[in-house]
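Mind docking these for me? Both chains are given alone in their own frames, and the hints should help you get the complex.
Sequence lines, in order, name chains Z and V. The letter at position 162 of the first sequence is residue 162 when you use the working numbering, and the numbering goes up by one with no holes. The letter at position 99 of the second sequence is residue 99 when you use the working numbering, and the numbering goes up by one with no holes.
None of these hints come from the bench; they were simulated from the model. Errors might be hidden in some of the hints.
[To be verified] Restraint-style ranges between C-beta atoms, simulated for each label pair:
1. V:G122 - Z:L360: 31 to 41 angstroms
2. Z:G111 - V:V139: 48 to 58 angstroms
3. V:G44 - Z:A105: 35 to 45 angstroms
4. V:G122 - Z:R10: 13 to 23 angstroms
5. V:R39 - Z:R10: 16 to 26 angstroms
6. Z:R9 - V:Q41: 18 to 28 angstroms
7. V:G177 - Z:H130: 32 to 42 angstroms
8. Z:E94 - V:C207: 45 to 55 angstroms
9. Z:P24 - V:G44: 34 to 44 angstroms
10. V:R39 - Z:I69: 43 to 53 angstroms
Idealized CB from N, CA, C, for every residue including glycine.
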Amino acid sequence: MLRVIAKKRRGAFLLDAKFELPTPGVVALFGRSGCGKTTLVNVIAGLASADSGYVALDDGDLLDTDRGIDMPPERRRMGYVFQDARLFPHIRVEANLRYALKRAAVAPFVGVDRVVALLDLEPLMGRRTHELSGGERQRVAIGRALLSQPSLLLLDEPLASLDASRREEVLPYLETLRDQLAIPMVYVSHNFDEVLRLATHLVLMDAGKTVAQGNLSDMSLHPRLRAIIGTDAVGAIVDGTVLGADSSGGLTRVQVGRGELKVQCGAAAAAPGTRLRVQLLARDLIVATEPPRQLSVRNSLPGVITSVANDVDDSDLIGIDIGGILIMARVTTAATRELGLAPGKPVWALVKTASLRPHLI
Amino acid sequence: MIWLSANESEALTLSLSVATRSVLLSLPLALGLAWVLTRRQFLGRTLLDAFVHLPLVLPPVVVGYLLLLLFGARGPIGGWLERVFGIELIFTRNGAALATAVMSFPLMVRAMRISLENVDRGLEDAARTLGAGAFDRFVSITLPLMLPGVLAGAITAFSAALGEFGAVITFVSNIPGETRTLPLALYTALQTPGGDSEAARLAILSCALGLGGLLLSEWFARRVRRMLGR
Chain Z
1 MLRVIAKKRR GAFLLDAKFE LPTPGVVALF GRSGCGKTTL VNVIAGLASA
51 DSGYVALDDG DLLDTDRGID MPPERRRMGY VFQDARLFPH IRVEANLRYA
101 LKRAAVAPFV GVDRVVALLD LEPLMGRRTH ELSGGERQRV AIGRALLSQP
151 SLLLLDEPLA SLDASRREEV LPYLETLRDQ LAIPMVYVSH NFDEVLRLAT
201 HLVLMDAGKT VAQGNLSDMS LHPRLRAIIG TDAVGAIVDG TVLGADSSGG
251 LTRVQVGRGE LKVQCGAAAA APGTRLRVQL LARDLIVATE PPRQLSVRNS
301 LPGVITSVAN DVDDSDLIGI DIGGILIMAR VTTAATRELG LAPGKPVWAL
351 VKTASLRPHL I
Chain V
1 MIWLSANESE ALTLSLSVAT RSVLLSLPLA LGLAWVLTRR QFLGRTLLDA
51 FVHLPLVLPP VVVGYLLLLL FGARGPIGGW LERVFGIELI FTRNGAALAT
101 AVMSFPLMVR AMRISLENVD RGLEDAARTL GAGAFDRFVS ITLPLMLPGV
151 LAGAITAFSA ALGEFGAVIT FVSNIPGETR TLPLALYTAL QTPGGDSEAA
201 RLAILSCALG LGGLLLSEWF ARRVRRMLGR
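Same shape as in the complex, but just chain V (with noise of 0.2 angstroms):
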């Protein structure tokens, strides 16, 4: 892009592609969190919500700290991943990926509860009578009616990953085209001096950014609502 800077544009397509990698990795877990949470009755319940918006009162250090601990070289979980499937987190985009999407699980968690408590029950029997099993009622009715919720979910889940700041920097340190998201380059160009610059046409960038996924979710949002004729 011709006003950006190399360093600039890296830091934004590096950005983009942290967030798309945290929402589908986040999407499905948040699908099915949601779905039990509002659906199921169980012991525990309360505690896994409460655990599910931890992300949202913690420092991100905290998070990141933690991600440490278990997904690192030689976390139990990091270690894992690494000898099975060959997987690095750390220091890589993946992991700033896992990062982010723990961060803006909450929301996304939060959005798809929402609209899946707002569909009609009513409806899914009434799928259940024409002979739709469970797995059939969830793909033909539950799902695409609380759609506007999953995107608006995803939508916000995207924006809020490429601003993550201090649990991607924590867990996956600050790696020029690997790791320096936006916000990351931004505090960069902070600590160089003659970055001033730099720091605000970042900090433009991601103003953009924010504010165009918060309309595009809202324009999408009701775009289904018509559709649907609420």
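Chain Z on its own, in the form it takes in the complex (with noise of 0.2 angstroms):
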């Protein structure tokens, strides 16, 4: 369990944090820029000072004001990947990664040539730091932050300064890592898709103080999400297991809660027992009041109505309840009324395979 308090006041900005994390796992800190996430992640590291604050990984205390325990960074264990890479550059990139291993205070559990392997480091061992492009920094970056054998990763925007394609090219090395490595990460972001992809548990700031947090699912529909992301961005997330392929073909079928859902996904991806994520955004889904007939859609899920609250203009979020699992409909007005559409009534969610993009979790 990771667990953070910190309260810092500079000037007119308040940071007012407190969150926690089961062990291992992946918590994306998340809010709009200068929200404080960076000055949170500081004081976790111990790079910035706390007014007043607790930070414990499992049952060390690395911070407590209270009790006057303040350990300097360079004792902490905490691998710190810093958005601009902040490699050294007098040396080379093999050099760089030693660096970090010739320090590590505890015996290796992952080696030089465990991350060169994880992170396709190999090329670029022997080049200078300048010589690398955005993509390969961070990598290199992920890399000697693994070999300082952490017991915490810190991973502050480590995409953000990279284009679309960088980042798509980074990612799954993020995912290799969570999956492969039992490392617990704290993950900021102001990206959603990062943080779909990568989270276990989500953290919300706004303005300094961390406003609502949970498992990832949990927090999908809430509405201080909502707020930051978007409506449009705005979908349950939901965990399920491959069952196994559709009998029609090409379509995988995944359960979730008491239903089941079918996707479209990969071979690697499509074995029986596999976990995986969705979002179904509340723009793609509709509405229906009887069961479908003639229609090309694959997914329509029988659910009942459990909330029905106007969103932006004139259009409505419509929460219903699909087996146990809580999903949302964005709809307009005028059909939530030409459909009656109101709380405990049954109705089914259709949403076409091609707007799912599942992600193995």
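Structure below.
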């Protein structure tokens, strides 16, 4: 368990944060730029001081201002991946990696060979750091942080300075790390797609405060999250287990709660028992009041309306319980009225497989 | 050297010896002071800064005179050095080295401060999270990154040390083979009837040394910058 409490006032800015993460897990600190995410991570790392604070990882207290405990950063064993990589320019890539290993405080549980293999660093080893592309720099920075044998990995917007294609080049490596090494991670981002793919837990920050937190699925429909990412990006995030291939072929059946989704995914992810995550975007869902027939849509999920709330302009957000899982659909206010959508009414939620992008978790 | 007279080559080797000692003496001190002045906030920092720069604005004779008072045989520091370590400064090449070190000290500190200010503190923070303690960080990150400034400072100070006149002649006098460096030899030649051609050759030699030093410093700085990819 990672436990963090931090209060810090600097002029008009007030940091007032508190969150917990079961370990191992990936917690995303999510919020708009300038909301204090980096400051909070610096407090966790020990690079910034807090007026009052408490940081504990598993059983070790790293910071406790009440008891006068403040372990210096060099002894906290936190691997920090900075937004700007911060590779040492006067030594080559391999020396950057070994710099961390040489100073590790514990017997190595991950060696240079493993890190090089995990992050595909072999072709970069002899390079000077200024010869690397943005994505390569971040991969080396991640490798360097890993080789310090950290008990916690802090990633401060590691992909923010990369363009979309470079980001897509580095993200899979982060997924691999999460799946292969049981190192807890704190991942700072203002890009929800990264959060969706990497995080197990979500902490929302706004103006220096942690305003809501929980596991990612529970948080996916939180109004505070909706306020940050915008109503177009809102949608239930559901985790499911692959049941097997669909009899008609081509699609994969995924058990979600007591219901079932059909998704398109590669052969690697289609093995029964594989855990997948999908986001059902509210704007992509169609609500029907009777079982649909003669439609191309492959997913028709029976459920019961739990809530109807006005969203922006002339649209409503309809909460639907599908076999124990809450999803949300956005429909026009006119449709709500004509179909008589109200809590308690049985409905079918329709979603095209093409609008579902499953991620391995 | 064949094109120099015995006197002239003696002055040249002596100058090089004095300048080398001067740089070796001032380098660690300047590094420490540059660090303190750049990275530490304390009461009297501005005063210390001004004090370090004093030789730039004082007449060299004044510096020589103050050194005489402090480091002379009966001076508080000079007397102590001689009693405890047997180090004699007055009328010796070590004394000449001290005088040139004091005079070129501001140049060296200034070069080092500029390069230290340009070192990205973020890199030191990164080293910190990787487990590097304070001394380790300085040696493995800060010092290599400020190397261009350290080298430039050392070479500039070396060149300046070759040419120091006023403080040297005031503090350690003008003794052939011991304290008569190039500028002192040049001055002596000018005072001697028929010494014009020797004076001219010494002047050309001084110019060549100074120019060589400056070019070498620039070449080093470029090389290191290229190594760092800037």
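Do the hints match the structure? See the list:
no.: 1; hint: V:G122 - Z:L360: 31 to 41 angstroms; verdict: 34 angstroms, holds
no.: 2; hint: Z:G111 - V:V139: 48 to 58 angstroms; verdict: 25 angstroms, violated
no.: 3; hint: V:G44 - Z:A105: 35 to 45 angstroms; verdict: 38 angstroms, holds
no.: 4; hint: V:G122 - Z:R10: 13 to 23 angstroms; verdict: 19 angstroms, holds
no.: 5; hint: V:R39 - Z:R10: 16 to 26 angstroms; verdict: 21 angstroms, holds
no.: 6; hint: Z:R9 - V:Q41: 18 to 28 angstroms; verdict: 21 angstroms, holds
no.: 7; hint: V:G177 - Z:H130: 32 to 42 angstroms; verdict: 51 angstroms, violated
no.: 8; hint: Z:E94 - V:C207: 45 to 55 angstroms; verdict: 46 angstroms, holds
no.: 9; hint: Z:P24 - V:G44: 34 to 44 angstroms; verdict: 51 angstroms, violated
no.: 10; hint: V:R39 - Z:I69: 43 to 53 angstroms; verdict: 26 angstroms, violated
The earlier numbered hints that this structure contradicts are 2, 7, 9 and 10.
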